[in-house]
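A.B. asks: These are the residues of each chain, in order.
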Amino acid sequence: MDDIAHSLAMIVGEAYFSNQPEEAYFYARDPGLMPPHKPDYVVIPKCVEEIQEIVRLAGREMIPLVPMGAGLALTGLMIPLKGGIVIDMKRMNRILKVNEKARHVIVEGGTSQGLLKAYLEKNCPRLRHSIPDSPAAATIAANVMIHGQGRLTQQYGFNSDMISGLEVVLASGEVCKIGSCAVSPDWFSKGAPLPDLSGLFLGWFGATGIITKVAVKLYPRKKMRDVEIFITDREDLVPDMIYELTHTEMVEDINIFAQPKPMIFKDNHHIAIFITGDTDEELEFKRKMTWNSLDRFIKSKDGGFMGVPPVMKPTLLEMPQRSVSRFADVKKGGGFEYSGPIIMVEKYPECARKIVELAEKYDLGYSGMARIIGRGHAMMYGFAFTFNRADPDMMDRTRKALREVSEFALETGGVFWKATVDEQQMAIEKMDPNTLGIMKMIKENLDPNGIMNPGNWEVI
Amino acid sequence: MIALKYDENLCKTCPTGDCLVKCQYLDVEKKTAVAEMVKIGQGEDSFVLKECVTCYACEEYCKRGNHPFYLITERREEKGILTSPRAITQQWIHIGEPQGKYRLGDVKERVLSFGFMPEFLQWVKGKLFEDVMPSFIFGQEFFCNVVYIHFANTSIIKERLPKIVDNIRKLGVKEVIFIHDECYAAFTHLAPAYGIEVPFKSVHYFEYLYNRLKELKDSINPLNIRAAYQRPCSSRLSSDQHHFVADIMKLIGVDLVEREYQGENALCCGGIYAMAFGYDLAHDVQKRNIDDMVEHGAQYCVFNCPACQSAIGHKVAKKGITPIHLIHLCRMAIGEMGEQEGG
Amino acid sequence: MKYADIVHRCFRCGYCKFTGDYTDFNCPTYRKFRFETYSPGGRMWLIRAWLNDEIKNSDRFQEILFSCATCANCVEHCVFTFSEDLVNIFISAREEMVNDGIIPPPVRDFLKNININGNPYKEPASERGKWAAGTSVEPYKDQEYLFYIGCVGSYDERGKKIARAVGNLLVKAGVSIGILGDRETCDGNEVRTIGEAGLFQFLAEQNIALFRDLGIKKIITLDPHSFNTFKKDYPALAGVFDVCHYTQILAPLIQSGKIPLKEFHEKITYHDPCYLGRHNGEYIAPRNILKAIPGVEFVEMDRNRENSFCCGGGGGNFFTDILGGGEDSPGRIRVREALDTGAGIMAVACPQCAKMLDDAVKIEQLDDRLKVMDVAEIAVNCLS
Chain B
7 MDDIAHSLAM
17 IVGEAYFSNQ
27 PEEAYFYARD
37 PGLMPPHKPD
47 YVVIPKCVEE
57 IQEIVRLAGR
67 EMIPLVPMGA
77 GLALTGLMIP
87 LKGGIVIDMK
97 RMNRILKVNE
107 KARHVIVEGG
117 TSQGLLKAYL
127 EKNCPRLRHS
137 IPDSPAAATI
147 AANVMIHGQG
157 RLTQQYGFNS
167 DMISGLEVVL
177 ASGEVCKIGS
187 CAVSPDWFSK
197 GAPLPDLSGL
207 FLGWFGATGI
217 ITKVAVKLYP
227 RKKMRDVEIF
237 ITDREDLVPD
247 MIYELTHTEM
257 VEDINIFAQP
267 KPMIFKDNHH
277 IAIFITGDTD
287 EELEFKRKMT
297 WNSLDRFIKS
307 KDGGFMGVPP
317 VMKPTLLEMP
327 QRSVSRFADV
337 KKGGGFEYSG
347 PIIMVEKYPE
357 CARKIVELAE
367 KYDLGYSGMA
377 RIIGRGHAMM
387 YGFAFTFNRA
397 DPDMMDRTRK
407 ALREVSEFAL
417 ETGGVFWKAT
427 VDEQQMAIEK
437 MDPNTLGIMK
447 MIKENLDPNG
457 IMNPGNWEVI
Chain S
1252 MIALKYDENL
1262 CKTCPTGDCL
1272 VKCQYLDVEK
1282 KTAVAEMVKI
1292 GQGEDSFVLK
1302 ECVTCYACEE
1312 YCKRGNHPFY
1322 LITERREEKG
1332 ILTSPRAITQ
1342 QWIHIGEPQG
1352 KYRLGDVKER
1362 VLSFGFMPEF
1372 LQWVKGKLFE
1382 DVMPSFIFGQ
1392 EFFCNVVYIH
1402 FANTSIIKER
1412 LPKIVDNIRK
1422 LGVKEVIFIH
1432 DECYAAFTHL
1442 APAYGIEVPF
1452 KSVHYFEYLY
1462 NRLKELKDSI
1472 NPLNIRAAYQ
1482 RPCSSRLSSD
1492 QHHFVADIMK
1502 LIGVDLVERE
1512 YQGENALCCG
1522 GIYAMAFGYD
1532 LAHDVQKRNI
1542 DDMVEHGAQY
1552 CVFNCPACQS
1562 AIGHKVAKKG
1572 ITPIHLIHLC
1582 RMAIGEMGEQ
1592 EGG
Chain H
65 MKYADIVHRC
75 FRCGYCKFTG
85 DYTDFNCPTY
95 RKFRFETYSP
105 GGRMWLIRAW
115 LNDEIKNSDR
125 FQEILFSCAT
135 CANCVEHCVF
145 TFSEDLVNIF
155 ISAREEMVND
165 GIIPPPVRDF
175 LKNININGNP
185 YKEPASERGK
195 WAAGTSVEPY
205 KDQEYLFYIG
215 CVGSYDERGK
225 KIARAVGNLL
235 VKAGVSIGIL
245 GDRETCDGNE
255 VRTIGEAGLF
265 QFLAEQNIAL
275 FRDLGIKKII
285 TLDPHSFNTF
295 KKDYPALAGV
305 FDVCHYTQIL
315 APLIQSGKIP
325 LKEFHEKITY
335 HDPCYLGRHN
345 GEYIAPRNIL
355 KAIPGVEFVE
365 MDRNRENSFC
375 CGGGGGNFFT
385 DILGGGEDSP
395 GRIRVREALD
405 TGAGIMAVAC
415 PQCAKMLDDA
425 VKIEQLDDRL
435 KVMDVAEIAV
445 NCLS
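Residue numbers (this note's numbering), protein chains in the order written: chain B, 7 to 466; chain S, 1252 to 1594; chain H, 65 to 448.
No lab work stands behind these hints: they were computed from the structure. Values in this document were obtained by computation on a predicted structure and should not be read as measured data. Incorrect hints may appear among the rest.
Only pairs whose alpha carbons sit at most 20 Å apart, straight line, appear in this in silico PhoX-like list of lysine-lysine [unchecked claim]:
1. B:K319 <-> S:K1301
2. S:K1569 <-> B:K228
3. S:K1330 <-> S:K1301
4. B:K44 <-> H:K205
5. S:K1352 <-> B:K267
6. B:K305 <-> S:K1330
7. B:K294 <-> S:K1352
8. B:K229 <-> S:K1570
9. H:K326 <-> H:K205
10. H:K296 <-> H:K326
11. B:K294 <-> S:K1301
12. B:K338 <-> H:K66
13. S:K1569 <-> S:K1538
14. B:K338 <-> S:K1301
15. B:K319 <-> S:K1330
16. S:K1330 <-> B:K307
17. S:K1330 <-> B:K294
18. S:K1330 <-> B:K229
19. B:K307 <-> S:K1301
20. B:K229 <-> S:K1301
21. S:K1352 <-> B:K272
22. H:K281 <-> H:K205
Here chain B is said to cover these stretches of chain S; the calculated rule only asks that three of the stretch's residues, wherever they fall, bring their Cβ under 8 Å from a Cβ of chain B [to be verified]:
23. 1338-1350
24. 1415-1424
25. 1575-1588
No residue lacks a Cβ here, since even glycine has one placed at the ideal position from N, Cα and C.
One chain only, chain B, in its complex shape (with noise of 0.2 Å):
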């Protein structure tokens, strides 16, 4: 054993540090589509003290660091460019304190989405977080680090604005905490009213500092949840839907979906309308009102709500959805990658006439998958194509087409998100100068040494 990797297993313990092939290979890749890199090294640390002494190691010796989730992002972010140290954050996965009245929870940096969610339902059973649809194993941190989106995206912006406070690892080794957290003992806010340093962090893929603490807004939970779907053949009056759906304030989550397969989807444009209520009064006002706002759309033949079978509902209303999932195995290939760019509402029509295109182009299975974001003030329109693993040909038309949904979004005025180190470099290129300036500062000042995921947001 060399003497890094002699002096990770002293701190993580021999039996949670590798530099084994197997763990090199599974850890070098995502499920997704980008290529391949091996780590030197695989640790699983359980505490923050023990993270801070792996990046004092690396920064003495110029390793790269790469924070990993559950790796689902499918973008290839915690693929290590540059090898060094993959860090499992998942072994840090307690729950550390719910603040029931204040509707907060403080979870360690690898805590997941399920388990966030069971302990919820069974501890706090009126609270509830903005869980996204990735599988259960997604971890809340690196869903946040993101700027994910989940359930209550369209009420409450971001899964980032639903959080208040964070604890970080500098590439010094300090601990930072960012929000009230850093002069109140409560955790109340992640940064007013204070300067907000959680944009340091946020959305920087691990590039300047390692989440090892989040605490995330709780929402109240109610007793009953519907679902509703409303179809219509033009994807040119969506943005109009949204609009008045959006106005009532009386949903939940809105997805909309378009697929051609199976035949219950094919041609049309499908709202998903989420409704919670924990009277059946409260509910039926909802559904009603969402009903009513859309009612100009039914009178012109516009669209309408369909009839949801009764065994499509409970599949929609899981959370997370494992339908979700499910689409990686469409080629019974187990694969599936799609770019989703934040972008106006206003360009779903085009989004939509878009991955038919590339779809026929490149001969590939897709779902146009959407979500609102806020009350319409944007959407992230995801160009899902599902692919078979074993088949390189059609993982590479698959690659080509994601290639131009990246040219695509960015000349319609979309925003990638959770890029690849592709469109990475892309947003570089097209950013204002200025804000490409500040983005340099805090790369600099904060990985001087260039070790926290290195490849990703190269600025410098």
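Assemble the complex: chain B is given as a structure, and chains S and H must be docked to it using the hints.
C.D. replies: Quick look at chains S and H alone, frame taken from chain B:
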């Protein structure tokens, strides 16, 4: 060429105009009714073409067999008047398209047809069906397509129904017991109205169940419950079978509550109205219907059609009434299902 | 390798690692080792890499493959249509490694012992039926049921106690049973899951021939592992018998009062064995027995039924111990979980679980707070 058998003179000389006079959604008297139907027959515009909600009831109200609702549907399609939004119509057309995913049991000359209702694959079991099962057919290839009259589309029926008839015929089937009311109606009411020949005998599952219950009468334990019956739209096309509902209830000890919205005055489940017209009409119809069940002391709501059960089953349950399909009710009566399973 | 054409379909989404409600990680090897490579998704990706020559068979690879307890939590919770094949895929990979002869020494030794002695304990066959001395269990001679014990019940001290309890209880209940004694040989379930398909077939065919010769039609098993292989694997080799686990026979007899039991005021929780529960869907019978004992306060662990957390003994680990010990070993986690219910007794229905959990209780120093007892032992304790 498949065409509707409609006689303009029957409308012109109609003494009652009952098709529209009795309509629960239009408020017209006899003179207007006759005049509008004549206009429709002649291909002219009529407010009826816009306002009819597709409940099918006028097919029953017309005692002259002149198919007012089929006629309205034909004219709507000719004039491009949609009932439902385009996307909904399109979706339903896609759903009904044969996919090669049908299922066949051990098909004999006598067969049970489940149409395209997957519920029946689970529900149709036990002693009541043992003399025919496992002879069954299921899938879009056996789907009757009648539902498209809700969507102002008879072209698709004319295109698909003859193929469905042929699919059944090719199996060597001589008698089909239709578990879905609307399928029975397709082959005994709609097909003759369009001159489509049906080379097999069609039996309604009501009649089948009634006969089987008589055979198994020693196994019947009277249920001693009060129930409301939810009459589906398709029952207006199979109204000759409607009497079996009361007959069966009598056999199995169910007191069918006398209520306002029953028989010819039955209200449909509103499932189609919701898709076609939005919240208010469907909500109103469902509320009146269910309140009527509650007011008359129904403990159970008996369904004939799984689509109705899907549309309002949970709503009746919220009012303390147990939703149950007729098949489950009969199985309960012969001790094959517990109360909880049937609900 | 069989299933080589589907290993690429794993999305490594990780649903296989959890319980159905995500309360906890429920894959015993992932929970212990924490490397993704030790999760079902990790195994799938590594098997594919190995088949494609991207990685080689190594000590680590062997540990990853042979530590799998074949508990089927992944089969239960994987969201894809190939989920039912997951454990079979891991077993197929093991078969390839066994065929290549590149396997961990404990696996090699286990197979060698079965091959030579007909049991993994290196004990002579003549000792096999000795557990029954002093019981009312008779040798098999045309009774209604063969009572099949298995290697653990025949040779392991803990297992033998359970065999005696079950045997006595069945006789007391009037069930017509007989045992093979020293004519009994290994059922082969662990041999099969460890990947020695050839030896499994030999053992199975030998057993089938013997059962047929003796006119055996019905079998009650002590061990869920035997139950599993007789029920699922033997029919393909023309060994079709009416097989049940002893709890399935006892439950109705106890519930109907045929075996009167006196009051037993204890808080008891039940650990679902993987090969009775997830693999074969039997969750009710053992519970019915426990709930029928007057005075028993029955409590469930959070992870129960299809979410049960494996004791760590399956997949051959009971004998090879490749999954190993430590604070995060499944057995120790499980007994801590049982303790959290407030129960004083952790009931089991499998001699392998009993031994694994017994050992865990000792290591956790919980001897004075938690007792591991087989369902039959509890019932025997309550005989009036």
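A.B. asks: Taking the hints in turn, state whether each one holds.
C.D. replies: Cross-check of the supplied hints:
{"no.": "1", "hint": "B:K319 <-> S:K1301", "verdict": "32 Å, violated"}
{"no.": "2", "hint": "S:K1569 <-> B:K228", "verdict": "18 Å, holds"}
{"no.": "3", "hint": "S:K1330 <-> S:K1301", "verdict": "11 Å, holds"}
{"no.": "4", "hint": "B:K44 <-> H:K205", "verdict": "64 Å, violated"}
{"no.": "5", "hint": "S:K1352 <-> B:K267", "verdict": "15 Å, holds"}
{"no.": "6", "hint": "B:K305 <-> S:K1330", "verdict": "17 Å, holds"}
{"no.": "7", "hint": "B:K294 <-> S:K1352", "verdict": "37 Å, violated"}
{"no.": "8", "hint": "B:K229 <-> S:K1570", "verdict": "18 Å, holds"}
{"no.": "9", "hint": "H:K326 <-> H:K205", "verdict": "33 Å, violated"}
{"no.": "10", "hint": "H:K296 <-> H:K326", "verdict": "37 Å, violated"}
{"no.": "11", "hint": "B:K294 <-> S:K1301", "verdict": "24 Å, violated"}
{"no.": "12", "hint": "B:K338 <-> H:K66", "verdict": "17 Å, holds"}
{"no.": "13", "hint": "S:K1569 <-> S:K1538", "verdict": "12 Å, holds"}
{"no.": "14", "hint": "B:K338 <-> S:K1301", "verdict": "47 Å, violated"}
{"no.": "15", "hint": "B:K319 <-> S:K1330", "verdict": "36 Å, violated"}
{"no.": "16", "hint": "S:K1330 <-> B:K307", "verdict": "15 Å, holds"}
{"no.": "17", "hint": "S:K1330 <-> B:K294", "verdict": "32 Å, violated"}
{"no.": "18", "hint": "S:K1330 <-> B:K229", "verdict": "47 Å, violated"}
{"no.": "19", "hint": "B:K307 <-> S:K1301", "verdict": "12 Å, holds"}
{"no.": "20", "hint": "B:K229 <-> S:K1301", "verdict": "41 Å, violated"}
{"no.": "21", "hint": "S:K1352 <-> B:K272", "verdict": "17 Å, holds"}
{"no.": "22", "hint": "H:K281 <-> H:K205", "verdict": "12 Å, holds"}
{"no.": "23", "hint": "1338-1350", "verdict": "holds (count 8)"}
{"no.": "24", "hint": "1415-1424", "verdict": "violated (count 0)"}
{"no.": "25", "hint": "1575-1588", "verdict": "violated (count 0)"}
Violation of the numbered hints given earlier is confined to hints 1, 4, 7, 9, 10, 11, 14, 15, 17, 18, 20, 24 and 25; the remaining hints are satisfied by the structure.
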